[in-house]
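Undergrad: Sequence:
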Amino acid sequence: MTILSGPSIRERNIFKPFSERQKFNGMSYGLSYAGYDIRLDQEVNIQPGGFCLASTYEHFTMPNDVLGIVHDKSTLARLGIALQNTVIEPGWKGYLTVEITNHSDKPIWLPPLSPIAQIIFHLLDKPIEQAYNGKYQDQKRGVQEAIIEKDA
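Just so we're aligned: the sequence shown equals residues 219 to 370 in the numbering used here.
One or more hints might be untrue.
[Stated by the list, open to error] Simulated DEER-style distance windows between Cβ atoms:
1. R239 with Q260: 17 to 25 Å
2. E261 with S223: 31 to 39 Å
3. S237 with V305: 18 to 26 Å
4. K368 with V305: 22 to 30 Å
5. E363 with D343: 32 to 40 Å
6. M219 with D356: 20 to 28 Å
7. A300 with P330: 19 to 27 Å
8. E363 with A300: 15 to 23 Å
9. L297 with K368: 18 to 26 Å
10. W327 with Q240: 31 to 39 Å
11. T220 with S322: 22 to 30 Å
12. L297 with P345: 34 to 42 Å
[Claimed, not checked] Cut-off 30 Å, straight-line C-alpha distance, at most; resulting in silico cross-link-like pairs (DSS-like, lysine-lysine):
13. K344 with K311
14. K358 with K291
15. K344 with K241
16. K234 with K353
What the hints contain is simulated information worked out from the structure, not anything from laboratory work. Even glycine gets a Cβ: it sits at the ideal position worked out from N, Cα and C.
Just need the whole structure built from these sequences, with the hints factored in.
TA: As structure tokens, this is what we get:
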């Protein structure tokens, strides 16, 4: 798989709203050389050792030939904040729910629109034949709790 460059990400219209590289509270968000840094939609408070779910400000429309992988932002990782690395499937649409853990010994507060994660996009060798159509397709703005389906 090839990693998409900033210009290739820009051309694919994956995000709304789309931002060129900017800063908020000393951290970057928007387009980078080979990725895109996303932001929180809401305020987040996490106690030491705590965990929470949060929603992104950006809405995704993933092309059928691109896979996204969510990574921690370096600045937050240095503060003890970790995201569970998530895969964004080709053809997925919606607001992404991210899982955040505070590994530090201090409470963490992040205001709305804080940069929260970096996404690296991988170009598939061929587009998938059918877009993602799973239980998290078309997620609305706001946190989506886990959906546990019963086995047939």
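Undergrad: Take a quick look at whether K344 and K241 sit within 30 Å of each other, Cα to Cα.
TA: 35 Å, violated
Undergrad: With 19 to 27 Å as the target window, see if A300 and P330 comply at their CB atoms.
TA: Given about 20 Å between the Cβ atoms, the range holds.
Undergrad: Please test the hint of 15 to 23 Å on the beta carbon pair from E363 and A300.
TA: 20 Å, holds
Undergrad: Does the hinted range 22 to 30 Å hold for K368 and V305 at CB?
TA: For K368 and V305 the Cβ distance comes to about 23 Å; the hint holds.
Undergrad: E363 and D343, beta-carbon distance inside 32 to 40 Å?
TA: Given about 34 Å between the Cβ atoms, the range holds.
Undergrad: Verify the CB-CB distance for L297 and K368 against the hinted window 18 to 26 Å.
TA: 39 Å, violated
Undergrad: K344 and K311: Cα distance at most 30 Å?
TA: Cα-Cα ~19 Å, so holds.
Undergrad: May I ask you to test the hint 20 to 28 Å on the CB atoms belonging to M219 and D356?
TA: Hint holds: Cβ distance 25 Å, inside 20 to 28 Å.
Undergrad: Going straight from one Cα to the other, do K358 and K291 come out at no more than 30 Å?
TA: Cα-Cα ~24 Å, so holds.
Undergrad: Mind checking the hinted window 34 to 42 Å against the Cβ distance between L297 and P345?
TA: 39 Å, holds
Undergrad: For the pair E261 and S223, does the Cβ-Cβ distance stay inside 31 to 39 Å?
TA: 33 Å, holds
Undergrad: Given the hint of 18 to 26 Å, is the C-beta distance from S237 to V305 inside that range or not?
TA: 23 Å, holds
In the structure shown, a violation is registered for the earlier hints numbered 9, 10, 11, 15, in ascending order.
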